[in-house]
Amino acid sequence: MSDTISLSRRFGSNSGQPVTRRDGIAKVTGSATFSADNHPDSLLYAVYATATIARGRVTRMDTAAAEAHPGIVLVMTPQNRPPLQGNPDDKPTFFSQRIEVLQDDTVRYAGQPVALVVGETLEAATEGARLLNPQYAMEKPRTGLDDAAAYTFEPAGFGTPANTVHGDVEAGHAAATASVDVSYTTSAMYHNAMETHAVVAKWNGDKLHLELPSQALTMTCHSMAYFFGIPPENVTLSSPYLGGGFGSKAFPIGPYVLAVLAARTLDRPVKLALSRNQMFGPVGHRGATRQRLRLGIDDQAALTVIDHSGLSETSTFDDFIEPAPNASQGLYKAGALRSTHSAVRLDIGTPGPMRAPGEASGSAALECAMDEMAEKAGIDPLEFRLLNYAEIEPGTGKPYSSKALRECYRQGAERFGWAGRPLQPRQMVDGDGMLTGWGMGTALFPCPMFMAEAEATLRPDGTALVETSAVDMGQGAWTSLAQIAADSLGLPLDKVEFRAGHSSLPDGGVAGGSGHTATAGSALHAAGSDVIRQLGELAAADPASPLHGSGNAGFVARDGLLMVEGDDSRSEPFADILARAGGVPLKGSGRGVRPPEAAEAHAMHSHGAVFAEVKVDSVLCQMRVTRMVGVFAAGRIINPRLTESQLLGGMIWGLSFALHEEARHDPRTGRIVNADLAGYHVPVNADVHGFEAITVHEDDPHVNALGIKGVGEIGTVGSVGAIANAIWHATGKRIRRFPIRIEDLLTA
Amino acid sequence: MKLFDFIQPATIDEALSAWRPGAAWLGGGTNLVDLMKTGAMQPDAVIDITRLPGLDRIETLPDGSTRIGALVRNATLAHDRDFAAAYPMVAEALLSGASGQLRNVATVAGNLLQKTRCPFFQEPAALCNRRDPGAGCDAMAAPGNSAILGWSDACIATNPSDFTVPLVALEAVAEVRGPQGMREIAVADLQPLPGSTPERDTALEPGELILALRLPARARSFAAHARYLKVRERTSFAFALASAAAALRIEGGLIAEARLALGAVAAKPWRLAEAEAMMTGKAPDAALFAEVAEAVLAMANSPDGQKWKIDLARNTAARALSMAAAGTPARIPALPASPFGTRIEDPQHV
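Protein chains in written order, with the UniProt record's numbering: chain A, 1 to 748; chain B, 1 to 350.
Isolated chain B (complex conformation) (with noise of 0.2 Å):
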């Protein structure tokens, strides 16, 4: 790979003062690494923020809301009782994205800024406006698992995190510190759409960096009917065909309040808030959830025309709402965010 510096400030305002246009900020590095190797990205400094004090922490602030630092390792969170328990779907989601070894590598900031896995993105042999901007889309001659809400001419990629899916849906935000200063910005307009403009890939400033993200107290609410359901090719380590990050309030039988988000369809973790809208005071069953998903992504169209990852992010929707509806598992299933659930016996071979 091409010659680059590697930076690994002792202190945030090192690390901030070191960062230049060129530079890449390195957290696990399992998807950063991966495209360096690839040459589709070229950074000509590294900056190595692991050894940053105290952004490797999960918190109860004092209003009830959850802070993590964003160094905190996807296993680490998704292993941790107290967070499991108040935030399930959260949990389950980092469960089913990749694997177990790399959960143990990658941190939490990292994921929410990873890179989309079109593979035309990922070679730079290929034509791709998001790696090169005006270079052409090598992806919409040859679609596959690509974008079906959201997409532009410019670009079909989607985001592949299974992690932020959930967070969108409980309306987490990202605590950013940059040259000028802190402030926050929602999860949910981290990664901004493509338009004319996919380059643009997240909504960071040059320069800036995630030290924490927070989950509202609220998004505790929805303990109880919480799940995360993930279709995918094989039974793990694969990227999502869609997804779906379904949680619901129910009070007296109806549903006091609801949250749904899709995964694996847009640029972004898509969050539906029409569809929460329909069901806020209904009864929660199968025929509404149905009707739900049906209205919510009649819009949805996808780059070569064809309907089965439309049916299949609608037929996803309803199903999650269909599990959050059943209730929060008391354990994550041994197939996190499976429809096969916990159900399959054990092996005969010892």
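Just chain A, same shape as in the assembly (with noise of 0.2 Å):
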């Protein structure tokens, strides 16, 4: 017997279609009510002062020229901050991060709330803000990686250990017969998500409304009951849509809590939405990195040892460190593995998980280091990391749940024509004399699953209603999770009312970590069978029914049919059998989880190989990347058009990360310098160019009953160095920063 999960009904006609977004229509036309779109009675507007200098302490502030102004009502600083029920120092659930609430008239980073302003209108408050004209006592600022000592810390981002050691470290290198020693330095980067964060609060006595895009309802609403110190219960929260959020929407940050106070304060709603320039503030980003990577090889090419360290930037008052060097886990076979982080304590504001946390930034390392191992050993770099190829997790020793990356390579290898690469750099140029060079990556991404949970209510009439907080932040839950619940309901999409982005529904779970579909979809799937389950029993039990007495055989549900599974010839309508079972909806439930057995037993990862192409002008050093094939295999794929927009997206965002983001600091302040979108560069429609993403095929019998494995994060990893590396062949010149510039080709 196999210990794989075994489908229980033939799992339909929805999933694997490439439905559009079932939200499009209102998105592009505007209709679509995003948070900060919500305008209720007597609403007044909050605006935040933000700090100016990275570190100090606030001496003045000007509070009666903000209070004197025309239509403000409530100037808020740590001089009058009402008091928090809950300690505002604490992290109220295990996802949280360290809040701003006016505590103190510390300044700890540029783009600190230090003082709340409520107007009645929009521009009352923008300009009370801009009136209260902070006074500072200044200290130098510490923003780079090397403004102070390094610490070490454990457990790095997401409890993930400090220090992972498979093997003896020493004996790799000391094996080596050939080897390399390099560094990378990755940027600070900020999320940037087209929409940014917004809350419109309301409170009804001791209750709490929140319209708020948010990547984890029921998470938020308990850190703002704790805060309040009202029941969990008493908050709701509607978050229909998100204009992304790429990981900064995950916790409530400080500027929420400092609008819910000031709404319970003056007894009316209360709007706040930062200002692209907050953006680059209290809500998290990618912390600098500086990786070290040391790789060995013996005679046969094979690696003897990937020794992966690295140094990350957080801030003085939390300990998020970017989990860069634990990409080089999972994914090569090596003789000994280490990944070891330290960490240094900078005037920041505290990193976060910013798309393919961890991944991206070490990808980026270790795919760009395999290449120069590669080079050195005089071999191709797809053949190389074919020679070290894992076929069971190194380290572990685990299986994997699956794995098709041997044909991603090839079917990516094919499709992008990599056959006839030259091994030396600077071989090829195109008819416009351009350098031209060809890179590849690996991608891997983990699957996890959190804990979600749905219902699943069958109508009289036959149609469904089911129900779970599930979020789309723009990547198409509502498409993809309906596609998954009118199957394990056998309806088609037309006949199921998907009901998501509300907190008072079933919890669902977190939109993070490319696991949303996995664990959502599985919470619907089981509020579906159950429903079928019970449908099946009622069917059995009567006697009037065609599927009478036939309970053992099992049942199929499709096209709102109940039938014997295996003699389509005895079927019934599901409204017929729930007609003469009195009319009465039947309810299901179900639940999302990965059992910790089933998380042991296997490694579970998605996997991808992308290969860029890259023209760069020799003398003037600019650079574009031309061509980009990203090859994924990642699991049942439930929508392959929502699919293939994740993993442009992520593709987009890999080619941003190799060429464009990077927030720069002002050397005598601290602030960022180009925090606005003219001045913080991400790629535009322009630069985007002969992208491809294709998934292949593959069965994953033990990640969960669906198969599916997660596309929200994986197209970024393996892009980043394969752009990376195109650029070193078509050029000779190895760039061990990023984002890699203009100016660093002309100066290398």
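Just so you know, these hints were derived from the structure itself, not from any lab.
You may find that some hints are simply not true.
What the hints assert, rightly or not - In silico lysine-lysine, DSBU-like type, Cα no more than 30 Å apart, as pairs:
{"hint": "1", "chain 1": "B", "residue 1": "K282", "chain 2": "A", "residue 2": "K91"}
{"hint": "2", "chain 1": "A", "residue 1": "K27", "chain 2": "B", "residue 2": "K37"}
{"hint": "3", "chain 1": "B", "residue 1": "K307", "chain 2": "A", "residue 2": "K733"}
{"hint": "4", "chain 1": "A", "residue 1": "K140", "chain 2": "B", "residue 2": "K282"}
To be verified - If you only want the chain B side, here are some residues facing chain A, beta carbon under 10 Å, derived:
{"hint": "5", "residue": "M1"}
{"hint": "6", "residue": "D5"}
{"hint": "7", "residue": "I7"}
{"hint": "8", "residue": "Q8"}
{"hint": "9", "residue": "A141"}
{"hint": "10", "residue": "R177"}
{"hint": "11", "residue": "E233"}
As the list claims (entries may be wrong) - Sample of chain A residues with no beta-carbon within 12 Å of chain B, all distances over it, derived:
{"hint": "12", "residue": "T196"}
{"hint": "13", "residue": "R276"}
{"hint": "14", "residue": "S550"}
Each residue gets a CB set at the ideal place from its N, CA and C atoms; glycine is no exception.
With the hints in hand, could you dock these two chains into one complex?
Shown next as structure tokens:
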């Protein structure tokens, strides 16, 4: 008997279809209501004043000028901030960070809230905040990786251990006949979702309603309940649409708490929306890293060791550390593996999860180091990776739940036309005289599951309602989860009403870690299956049903019909079964969670291979990615259209990481000087050219009953290295910092 | 933002009499409004000149020169077929600037008068002599994309305009009206170098209004060999690290007359008259262009002593000249002012 999870009934015709986004028309016509689009009666507007230095103390604010401005109703500073019931320095949930709610006059980073101004209009509140004109006692800011002493901290981000060692690392180094020892630097990056963080808070007695874009509704409600000393059930949160999250909307931020506090103090609803500039403040970011990679190979080009250490920036008041070195675990077969983390406390906001946290930064360094190792060995980079292909998870020895990476390499190389790539750099020139280079990288991303709940109700008319507080942050959850739910009920999509995005619904879990479809989808699948099981019991026990007495045979639900498994001739419409049973709706519920024993038994990852072509002007050093092919193995694909969109999006963020994103600090004040979308570059449409994302078939009988792995973040992984490697191949110049800039190539 | 009076005059006379110290003219607003939001500019009064009559026309005057009304939108000018045919590098420069949406709104006079994008100028919390005379210059400690020509200890900011670079090369003039009546200012003289008074970022006197730009008839003689090249960190919607407008009049295989100006290297577009003279009478070839670029940028220096931007400016000048010598393309390339030209294949995704 195999240890695989069997699908108890045919899993159907909705999943696998490239259904368009069900909320697409609402979004493109502007009728979708995002959080900040809500304007309850007697609404007030809150704007917070931000620190313009990174380290020191606020010595003075002109509160009188702000209060005197027409339309200002409240100026909240550390001197008069009303008390919170929960300790603001506490973390109410596992997935929290210490928040800024005017605890004192200390400035710990530029962009920190130092006061909140509430006005009758947005304009009044904005001007009131400006009039505060904070004065500071400034200290020399520390914003660079060398500005303070490093320390080791355990655990790293997400509770991952600070050090992971498999095998004898020193022996691995000693056994190497060739090696590379290289350092790569990655820059501080900020999420910058199109929709800035926003909240509309409204109290009704001791009940709080929030319009707030959230990747984790239940946890956000619990945090708010904690800070305001009310039962969690008194908090409701509506988050029907997110204009992107990228990890920054998973936990509540200080300004939300201040807005809620203002609403309670003033007994009127309050709206607060961050400006673009404030998106470089208390919302987390991808911390800068410096990573050292020491790789060794024997005379057969087999890796004897991957030794990956990382120095990450974190804040002076919290401990999130980019777990970049962990990217070297689980991917390549090596005699010994070591990942170690250290950190440096800087005068910056606390970093947090952002677009493939850990994996993106870690893979950027690892895939470049692999390329450098292949170069040294005189072996094609793809061949070198295949030589070190891991059939079981290196270090742990666990079998992979599935791993179609070899097929990704094969299809990607073929589609891209990798064969015939010159081994040496600077060998290819196009018709315009542009240096042309090809590079590749491997992608790996874990496929975690969190916990989610769902309910399904089969109505007497044969339609269904399914409910879970799942999150559509642009990825299309509202569509793909509905497809799963419809299949679990054996109904076409248009017969299923899908409710999500509200905290009063069953807990849909967290939209993060690329695990939302797997987790919430499993809950929905279980809820739908529960309903069909009950329906089967009703029919089997009903002498008037053609299904009477077939209970042992099992049932299949399809197109609103319940039928005996293996005997399509015996079937009955759902509505008929329900009508005879008294016309009462049938309710089912389900949970999506991975049992610990299942999680322990296998290494579970999505995989991919990314191939990039870059052209570089040899004199002007302007670069352009002209082609990119990403091939991914990510288990069952629920919606190929949305999956392609997710994967392309990830690859574009890879391009962004490789060539564009970098927050730069003013050395005098520590302020981020390019804190807007003109100065903080992400790719424009004209930069995204010839991108192709493909998925290969992969059945995974272990990850969950649906075989879903997750596609949200893996597109970024591997892409960064592929581009950097292509730049080397085009120019012969190895740039070991990200983003790679024109000036880097000019000075290399 | 700070409260201000909003004035919408119906005539030029009304506009001029509405002006008072502390007022700002509002054209497309693509720069002024941003700066009002950050607080870098806090005018007491904003005078919306977009309703003034007669300033939205592109005209060919009897002497063959072209007159462009101050309120003509950047996109309108760039897409005017006759204009683009006569002054192709001006159209190419316009299309390489900002984004489609911004070009639809921004006016040509506003483009000329836009402020530096030095991040320390834009942020009121930063020290900036240009915004706040005598305050100091935070940019000096973090130069980045700063000037390499004509800067001073007081200010190292650059002028961000693409449009102005070919205008300066082609000797365009601005028609200006103020309390003292009409006068003309060469576009090349519109932005003073910073010296010790970087706050004086325009040659316009208080209350003066640009009514039109004029390109002389002679500027048409370069149409067959005129290019604008812009090196930047992404393909669109980014300011230049270095740019160059290069125009050649080639007769009998020799350069009869040359024009060359650089962008993003100084507080104003930097015309290289010396280079122009060096090329006159010579055969256009890459070696000449490299030699010329080398010579004329010998005096460049960067505030942080780094060489890369000087190298880039030199390479950009030489390349722009080579592109001009190769001939103006029949159509403005799909990626205007890009070294990548038009040979990028169509995307495979539909």
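Review point. Of the hints stated earlier, which fail here?
Key: 1, 4, 6, 7, 8, 10, 13
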